[in-house]
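*Asks:* The primary structure of each chain is shown beneath.
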Amino acid sequence: MVRILSVVNKMTRKISLETYFYVLPALFFLFSFLLYPTLHTFYLSLLNQDSSSFVGLSNYLYLFTHRETFLVFRNSLLWLTLFTVTVVGMGLFLAVLSDRLPYEPVIKSVIFVPMAVSFTAAAVIWRFVYLYRPEGFLQIGLVNALLAYVGGSPIAWLVDLKVNNFALIAAGIWMWTGFGMVVISAGLKGIPNEVLEAARVDGAKEWQLFWHIILPMLGPVLVVVVLTLMINALKVFDLVYVMTFGNHDTDVIANRMFKEMFTFGNFGRASAIAVILFLSIVPVIILNIRRFRREERV
Amino acid sequence: MKTNGIKFRLIILFLGLMSFFSLSSAYAQKEKIGTVHVMGVWGGDELKAFRRVTAGWEKQTGGNVEFEGTRDLAAVLRARVLGRNPPDLAILPNPALMQAFARDRKLKPMSQALEISTLKKDYSDTWLNLGSIGGNLFGLFIKVTIKSTIWYNPKEFAANRWKIPETWGELLSLSDRIVAEGKTPWSMGVESGGASGWPASDWIQEIFLHEFGPDLYDQWVDHRIPWTHEAIKSAFKKFGKIALTRGYVPGGTQTILATNFIDGSYLPFLKPPKAYMYFLGGFTQGFIAKQFPDLRPREDYDFFSFPTIHTDYAGSVTGAADVVVMFRDTPAASSFLRYMAMGSAWEPWAKLGGFTSPNRSVASEVYPDPLAVKLAKLLATSPIFKFDADDLMPAEVQKTLWKGGMDYLRNPERLEAILQKIEEVAKGAY
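Which chain is which? The protein sequence lines are A and B, in order. Mapping to this note's numbering: the first sequence position 188 is 188, numbers consecutive. Mapping to this note's numbering: the second sequence position 188 is 1188, numbers consecutive.
What the hints contain is simulated information worked out from the structure, not anything from laboratory work. Idealized CB from N, CA, C, for every residue including glycine. Hints may be right or wrong, so weigh each one.
Covered by chain B, according to a simulated footprint, are these stretches of chain A (three or more residues, beta-carbon under 8 Å) [claimed, not checked]:
(1) 215-228
(2) 240-249
Take a look, some chain B residues computed to stay more than 10 Å from chain A by CB distance [stated by the list, open to error]:
(3) G1034
(4) R1177
(5) S1196
(6) T1255
(7) L1257
(8) Y1313
(9) P1368
(10) K1374
(11) L1379
(12) M1406
Just chain B, with the same shape it has in the complex (with noise of 0.2 Å):
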C-alpha cells in the first residue's frame, strides 16, 4: 500500500511538470516580439542611462528588455556560454573577448539583422574593420571611451601661469616646475579590484602611440615585435619617468597602487588641490561632476590632450569602445540590434553626459556640457586613432601587462625581467 501511494504521488509530481513546462513555452509563443536578455558590465548610473536607451525600443516595439549586469563579465559569460545558456545579446567592453567568442564560432554574424550600406554612412571603417573577422560584422561599437586626455585645474593653472603642455618636453618642465614651486603635479590611481593594473597599461599604450606611431602601435599588440623590444621598454621608461620622480606623485609608488583610479581623479579639483594633473580617459567627467556637482564643466575642470612626444603622429587618440555581439539570432534580439545601430537611439544617454558615441548620425548638439563636445571633437577630428591595446591583446598578457606595470612601480629596475615574462605569456597565448 505505502509504495502504490509513493508511486501514485511521483506520477502526480511527474505529470505537474510535464504540464508546467508545456504551459510555459505555450505561453512564450504567446508573446509577439518578446523578451531580449542583455549582458553587460554596466550598474549604476551607466545601466539608467542604458535603461533610457532600452525604453525608446520597449516603447516603439512593446518588447522588453532584461539586463544582466556583472563586473567579471568574460568569466560569467564564458560560464554561459559553456552552459548553452548565453543572453541574446551582450555588451562586451572590449573586442578580444568577442574575438576569442567569434573564434568558437558562438556568435551569429550581423549582416542579416543591419543594413550595411546604412552602417557605412553611419561608421567609420575604423570601427566596422574593428568589429568584423573573416569579412563577417560580429560586433557593433555603440560607446567610445577617449583616453588620450590629461585633466587639470584651469583656475589653478591661470593663477600659477602655467601654460598647458603640447610637448612631452613641455609636460616634464611644468611638472618640475610645480615641484620647484612645492607642489605636487600629479595624481595617479592603478587600483580597480580585479582589473588593477589598467590605468598604468593607458599610459604605456598613449606613449607608444604618441613616440613610435600607429604602424608599430599594431605590431606590438599583434606580438609581431617582442615584449623586450626597445619601443615597448622606452614607453615603460617615460611612463616611469613621470610615476617614480620624486616628488611627482604625492606618496610615491605604494600610493599608486593603493589609490582607486576613481579615487584619484579628485585630487587637482579639491580645495587647496593636492595635485594638479590626472592622466584618465574621457569618463573621468563623470566622476569628477559626481564628486564635486558645483563645480562646472570647462570652467572648474577640463583637460587637455595628450602631448606631442614625435611630431610625424601629434594628435594621435587611444581609446577603447563598448560592442554589442550577437549570441541568439531571435527576432527581438535582432529588432533590438538594429534599434542600437541608429544614432538616435543614443541620444537621451548622450544628453545625460559620460557618452561619446561612434556613430556619425549624432549630432553634437545633443552632448550636454562644452567638455562632451570637446571629447566629440577630439574624437572626430584626431588623424589617428587606435585601440586600447591591452584590450586586443589575449586576456592572459592583458592581465600579464596589468601585473607587470605594477610590479615595474615596485621595482623599476627589474623592468628587462618583466618584460620577459610577458613575452614568455605572450609566447604561449597568441
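Only chain A is shown next, with the shape it has when bound in the complex (with noise of 0.2 Å):
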C-alpha cells in the first residue's frame, strides 16, 4: 500500500505539468461556458437597461420593491412548496400503494406518461382542460364540463386571481408525480425484504412498518427527489409562458427574466433577475453536491 502511494506521488509530481495540460481544455470549457457567463450576468445586473452605465443595486431594488415583481417572487415560491411537497407526496403515496399491486407496472406506465410530454404540449392539453365559456353556455374544457354536469357554475381557472396560480401547478403536479412516483419505487425495491419480515414478525402493524421503516430507509432517495423537483419549481417556464404568459399575477421567475430581456429589452433587470435564481438555487446545489460526496465516502 505504502508503495503504490508513493509510486503515485512520484509519478503525479514528475507530470505534473502535463496533467496541468490535460486539465487545460476541461477548465477551458468550465470557465468559458459557466464561470464567465455567470460573472459577466452578474456584471450586466448593476448595468442599465442597455448596458451603457452603471447604477449599481437599482435594478435588485426595483424588483424587491415593487408589487408586480414581488408577485414573481410569490409566486415562484408557491411553487417551490406546493408544487414539490404535493409531486412528492403523491409520488410516495402512489409508490408504496402500486408495490403491493399484481399490475403495478401498467399503473406506473400510466402516471408516468405525462413525464414523456413536452411541457409545451402539455401546458396546450391543460389550456383546454381549463377551458372556460360563460354560464349558459355549452362548456367544453375538461374541468368546467363537469362541473357543470354536476350543477356548478364554470370557474375561469386560468383568469380568477383565487385559483389561477394552483390550477398552473396543478399541472406540473400532473407532469411530475410520475418522476417521483417511479424513483421512490425504486427506492422501494431496494428496501430488503428481510427487514421487512423481521418487524412483521416482532408484530408491527403495516402503518407502524411505514413510519418507521419504509420512510426512514427511504431518506436518501426522497433527498434526491426532493431536491430535483425544487430546482425543477424554481426553473418552471414552458407551462407558465404557454398557459397564461404569466398574465393574472400567474408570473414566475424564469417567465419573468424571459420578458423584461426579451419583450422589454431591460438587460440590467433580467441579468438581475437571473442572478437571484442562480442565488436561489445555490443552497439545493450546495445540498445535493454535500449528499453525492457523502455517498461517494459510503
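Join the two chains into one complex using the hints; note that each chain is given alone, in its own frame.
*Replies:* Dropping the structure here:
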C-alpha cells in the first residue's frame, strides 16, 4: 500500500505539468461556458437597461419594491413549496400502494406518461382542460364540463386570481408525479425484504412499518427527489409561458426574466433576476453536492 | 502510437471541416439571384396567402423565399440580431419595433432598392412618413388592418328593427334596448396568449381618437401628455361603460378576460345569437368566414364603422399595418423588396380575402367580396387615419397598457392607480 502510494506520488510530481495540460480543456470549457457567463451576468445586473451605464443595485431594488415583481417571487415560492410537497407526497403514496398490486407496471406506466410529453404540449393540453365559457354556454373544457355536469357554475381557471396559480401548479404536478413515483418506487425495491419480514414477525402493524422502517430507509431517495423538484420548481417556465404568459398575477421568476430580456429589452433587470434565480438555487445545489460526497464515501 | 493516431484523426477532421466550408461557400456563390430569408409572424392561412405572393417573385426571378414564422417575433428577432444572424428581410406587425431597430442602426435604408417617385405615386404620405426615420425610408407598408369596425348580424338587426347606431349615444341606447328586450348586446374577448389585453387597448384608442381627435392622439402616443390626463381617463371610462355595465356582456369581466379574441367573434352569428355586436378589426371577417362557411358577407354578417363621439372627428379610423424592413441588402433581398412594393404583387392575396392594401395601385375589383371592398373604401375615404396607438409606444409601455386594460376590467375603481403605473413605466421608457 505504502509502496503504491509513493509510486503515485512520484508520478504525479513528475508529470504534474502534463497533468495541468490535460486538465486545461476541461478548465477552458468550465470557464467559458459556466464561470464567465455567471460573472458577466452579475456584472450586467449592475448596469442599466442597455448596459451603457452603471446603476449599482437599483435593478435589485426595483425587483424587491414593486408589487408586480414581488408577486413573481411570491408565485415562485408557491411553486417551490406546493409543487414539491405535492409531487413528493403523491409519488410516495402511489409508489407504496402500487408496490402491493399485481398490475403495478401498468399503473406506473400510465402515471409516468405525462413525463414523456413536452412541457409546451402539456401546457396546450391543460389550456383546453381549463377552457372557460360563461354560464349558460356549452362547456367544452374538461373541468368546467364536469362542474356543469354536477350543477356548479363554471370557473375561469386561468383568469380567476383565487385559483389560477393553483391551476397552473396542478398541471405541473400532473407532469412530475410520475417522476417522483418511479424514483421512490425504485428506492422502495431496494429495501431488503428481510427487514420488513423481521418487523412483521415482531408484530409491527403496516402503518408502523411505513413510518418507522420504510420512510427512514427511503430517506436518501426522498432527498434526491425533493432537490430535483425544487430546482425544477424554480426553473418552471414553459407551462406558465404557454398557459397564461404570466398574465393575471401568475408570473414566475424564469418567465419574468425572459420578458424583461426579450420583450422589454432590459438587460440589467433581466440579469438581476437571473442572479437572484441563481442564488436561490445555490443552496439546493450545495445540499446536493454534500449528499453526493457522503454517498461516495460510503 | 496511440497519440499519433488521435493526432492523425484530428488533422483529418480539421481538413474535412475546412473543405466542407470552402465547398459550401463556393456553392453559394454559384447561385444567381439566390435565396432571401424572411421572418414574420404569419402562419396558417396568412402564410398560405403570402406564399402565393412569393410564388410570383420566385417565378419571375428564379429565386427562393425562405420564410420563418414565429409568434414571438420581437424576442426571436432581437436574439437573431444580437447574434449577428438576422434574416434578410422581416415583416413586422408594427412600426415600433422598426423604430427600435433603426435606432440601433440595424436596418438598411430602402432608398437604393426602391424608386421613391413610384412610391410617392402609389402610397399616401401617411405610409411614407410612418416608414421614414430621419428622412430615410426604413419601412415599406404592405398590409393594412382597419380596427374601427363593429361586427353585427344584419338579419337579426332587421328582424328586431334595430338601427345601425351613428353616434356614441345611439350605441348606448341601442345596447340598453337590447338588454331591455332580454338579450345581451355585446361579445368581448381580450385573451390572446402573450399579447392578451390588446383588444381592450383597441377600444380605448378608438374612443380616444373619436372623442379628442388626431392632435391629442399624437400627443398621447408620443407621451407628451401624462397618462393621468383627463382624456385618457375618459377613454377608459367610456370603454368601461360598454364592458362593465351589467347585462352588456355575457358572463361579465371573467368572461372578457378568459375569452379568446377569435372565439369572441362567433357569438353574434350563432343560432340563436348569444350576443349582437363585436368590436374588432377588419380581420374578423376571416374568423367569421372560417367558423361559419355557409354565411354570406354583407347578408349574414357585416360591420358598421365606429360611431361618432365628437362631430369634428366623425369617420376617423384607426388601424395597424405590417411593415417590411431590411437587415441585409443582398441582391435577392432588394429584388424581392422591389417586387413587394408593386401593387400587383399583392393581388393574389387580395383575391383570397382578408387583405387590404395601402398601395393605391391595387384596384378595388380584385377584392373578392363586398365586405373586402367596403373595408378598402373605408380606408380610402376616411378623413383621419391614425396608426394603432399602443403599437407605436415602447414595448414596455404597450405591455403595461394591455395589462392596465385588464386590471381596469377587474378593478375599475383603481383607474387612477393603474394609469399612474403606466405613467411611471412610460417615464422610464421614452
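*Asks:* Hey, is B:M1406 genuinely clear of chain A, shortest beta carbon separation above 10 Å?
*Replies:* violated (7 Å)
*Asks:* Confirm or reject the statement that B:S1196 sits farther than 10 Å, beta carbon to beta carbon, from all of chain A.
*Replies:* violated (5 Å)
*Asks:* At least three residues with a C-beta closer than 8 Å to a C-beta of chain B: is that true for the region 215-228 of chain A?
*Replies:* violated (count 0)
*Asks:* Does the no-contact call for B:Y1313 survive, Cβ to all of chain A over 10 Å?
*Replies:* Given a closest Cβ separation of 32 Å, the condition holds.
*Asks:* Checking a non-interface call: every C-beta of chain A should be farther than 10 Å from the C-beta of B:L1379. Is that right?
*Replies:* holds (30 Å)
*Asks:* Find the nearest Cβ of chain A to the Cβ of B:K1374 and say whether that gap is larger than 10 Å.
*Replies:* holds (31 Å)
*Asks:* Was B:P1368 rightly flagged as not at the interface, with every chain A Cβ beyond 10 Å?
*Replies:* holds (32 Å)
*Asks:* Would B:L1257 pass as off the interface with chain A, using Cβ distances and a cut of 10 Å?
*Replies:* violated (4 Å)
*Asks:* Is the Cβ of B:R1177 farther than 10 Å from every Cβ of chain A?
*Replies:* Per Cβ check, B:R1177 is outside 10 Å of chain A; nearest 21 Å; holds.
*Asks:* For the region 240-249 of chain A, do at least 3 residues have a Cβ located nearer than 8 Å to some Cβ of chain B?
*Replies:* Answer holds; 5 residues pass the 8 Å Cβ test.
*Asks:* Classify the label on B:G1034 as holds or violated, using whether its beta-carbon is more than 10 Å from each beta-carbon of chain A.
*Replies:* holds (30 Å)
*Asks:* Taking the minimum C-beta separation from B:T1255 to chain A, is that value above 10 Å?
*Replies:* Not fine: 4 Å to the nearest Cβ puts B:T1255 too close to chain A.
Going through the hint list in order, the structure does not satisfy hints 1, 5, 6, 7 and 12.
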